[in-house]
Amino acid sequence: MGGWQQLYPGHIPTSPLQKALLAAGSAVMALYDPYRHDMVAVLGETTGCLALPNLRDKMKNHPEGYRILQERPRIRLSTLDMARLQGLPEGSLGREYVRFLEDNVSVGFHGVQIPVADPCAGSTGEIGAMELNWTSLDLQKVSPDTRMPPKFVDDEELAYVIMRYREVHDLMHTLLGMPTNMLGEVVVKWFEAVQTGLPMCVLGAAFGPVRLSTRKLQVLATELVPWAIRSGLNASCVLSVYYEQRWEQPVESLREELGIFPPPAVRV
Amino acid sequence: MAAALWRCRRRCRALLSRAAGALRARRGLAAGPEMHFGFQTVTEEERREKIYQVFENVATKYDVMNDSMTLGIHRVWKDILLHKMNPCPGTLLLDVAGGTGDIAFRFINYVRSARQRQLQRKLKHHQNLSWQEIFESYQKDKFNSLGDSQVVVCDINREMLKVGKQKAQHLGYSEGLSWVLGNAEELPFDDDKFDVYTIAFGIRNVTRIDLALEEAYRVLKPGGRFLCLEFSHVSNPLLSRLYDLYSFQVIPVLGEVIAGDWKSYQYLVESIRQFPPQEELKAMIEDAGFFKVDYENLNFGIVAIHSGFKL
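Each protein sequence line maps, in turn, to chains A and B. Residue 92 in the numbering used here is what sits at position 92 of the first sequence, and the numbering runs on without skipping anything. Residue 219 in the numbering used here is what sits at position 219 of the second sequence, and the numbering runs on without skipping anything.
Check the hints yourself; a few may be wrong.
Stated by the list, open to error - Here are the simulated lysine-lysine pairs, BS3-like style, with alpha carbons at most 30 Å apart:
hint: 1; chain 1: B; residue 1: K292; chain 2: B; residue 2: K193
hint: 2; chain 1: B; residue 1: K84; chain 2: A; residue 2: K19
hint: 3; chain 1: B; residue 1: K124; chain 2: B; residue 2: K167
hint: 4; chain 1: B; residue 1: K61; chain 2: A; residue 2: K19
hint: 5; chain 1: A; residue 1: K19; chain 2: A; residue 2: K60
hint: 6; chain 1: B; residue 1: K167; chain 2: B; residue 2: K84
Claimed, not checked - Stretches of chain A that chain B covers, calculated by requiring three or more beta carbons in the stretch to come under 8 Å of a beta carbon on chain B:
hint: 7; segment: 18–31
hint: 8; segment: 166–174
Derived from the structure by calculation, the hints contain no laboratory data. Each residue gets a CB set at the ideal place from its N, CA and C atoms; glycine is no exception.
Bound conformation, chain A alone (with noise of 0.2 Å):
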């Protein structure tokens, strides 16, 4: 339990009143305020203490999940070779990563608020300092709750745990083959839901909905969500994949291992 020690760099110990306060807190604030990324992040932190154990579980039970636990590798994008990315074959992981990066990030910083004394901080400090073409990006376009470094997840392998949720995120875009716009974040939101049991991808899953048009919606519901569903049934552990380790594999492939079914052929 939540003791007084900081059991990570960037930890925030919380008692269970706080962590309560905060869950309701950054629910409203992330309703009220689309745009605070990071409350979208407290949220699925201070509610997953059920998902999060039994993600971990799942991951030490698969032989790569059982690697990525002891290994602990990030993907940041300064770590990334985006040079040797690209130059893969076409339809290879790597390869769509890259084109999905490039297609759904465009000038434009978005001054979301991060904790800036810490070290770790896996979103606009790393971006800053890389030296590609792009040098500034929409996070909110890259992904919804960023990659933020978790704070108030009191056991060190859990906070690594969310940490690889949130920065296979992107990842998960190019598998299911959605876009960032509101219709493909829910499809993602949905897969992952099934998926993770996280509450805050329940949460989004239920709500992002609302903002969409009825046209959108019907398709949502007609086709992409079913699939979602059973994709995310069937498949394995997606957080279970070294992905750093199969860049080179394509994309059609690593969906048959995982068992997720081809994407519907809509428009989204």
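Once you have looked at the hints, place chain B on chain A.
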């Protein structure tokens, strides 16, 4: 159960660090390099830097957070401070750590309405003057709506001053207002300049309180008044526990949710606990040379206004 234990641990830690730093840190004298920053122990230089960063981070959300944390009551506290001050037109006020201008704007409003009343009284007495003479005297006074009162807002933090200036522009305050970047421990003003010196919710963040008090004494005119509005100690035990609960459990959460900054507001509640209580602050003010030093508790000691005169 866990929450109570957690709180107990916090209290013990607070007591320990307080005992350790008590003699040194309490009187604002940094004998040796160690001082407190909330419940942490840091050097003087580190403390100044950390506090600067805290206010740099919170500047844009400062007013929103004040309203949320105190449920708007801070406005009443500041109003009470002005009523206690009761400035008449012509007063020269120095508002130190005045950042976002709350006290300064209130001062201007107060003095403006005092001036209105003054002018109205004057007019009443001019009943047997001709219309021409009344008109001329009215014209003369019209452009002096503040009656030569002035307020200088001094703050060590650029960001806070920036927010203050923007607010002034937005609310339409321009006359009789100036903004100066300065350190309360070493004010960039001459001796014997000001009629009133105020420091509202700022003295807690000063690293050397004794120096700030000495500076306050220096820049005040003889007869000038020192006013300090600050969080203080609640003696009522039940209220104190509720206040602690609210401070430590709710305020950092508010900081995280509203301003996205837990740590600054954690510092805030810790620094309140580390600040000298009413009597001790009174003694420090007397040490600086002030006379007729007194304090008034607001809300059972959550906040206190200390007052002293340079005689």
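Now the hints, each set against the structure:
With a CA separation close to 20 Å, the supplied pair K292 of chain B and K193 of chain B stays within the 30 Å bound. Restraint check for K84 of chain B and K19 of chain A: the C-alpha separation of about 41 Å exceeds 30 Å, so the hint is violated. Proximity of K124 of chain B to K167 of chain B is assessed by CA-CA distance (about 36 Å); at most 30 Å being required, the pair is judged violated. Restraint check: the Cα-Cα separation between K61 of chain B and K19 of chain A comes to about 22 Å, which is no more than 30 Å; the hinted pair holds.
Distance hint between K19 of chain A and K60 of chain A is fulfilled; the C-alpha atoms sit about 27 Å from each other, no more than 30 Å. Between K167 of chain B and K84 of chain B the CA atoms are separated by roughly 25 Å; this keeps the pair inside 30 Å, and the hint holds. Proximity of the segment 18–31 of chain A to chain B, defined as three or more residues with a beta carbon under 8 Å from a beta carbon of that chain, is established by the 7 residues found. Coverage of the segment 166–174 of chain A by chain B is violated. Counting CB-CB distances below 8 Å, 0 residues qualify, and the rule asks for three or more.
Figure legend: structure checked against the earlier numbered hints; hints not met, in rising order: 2, 3 and 8.
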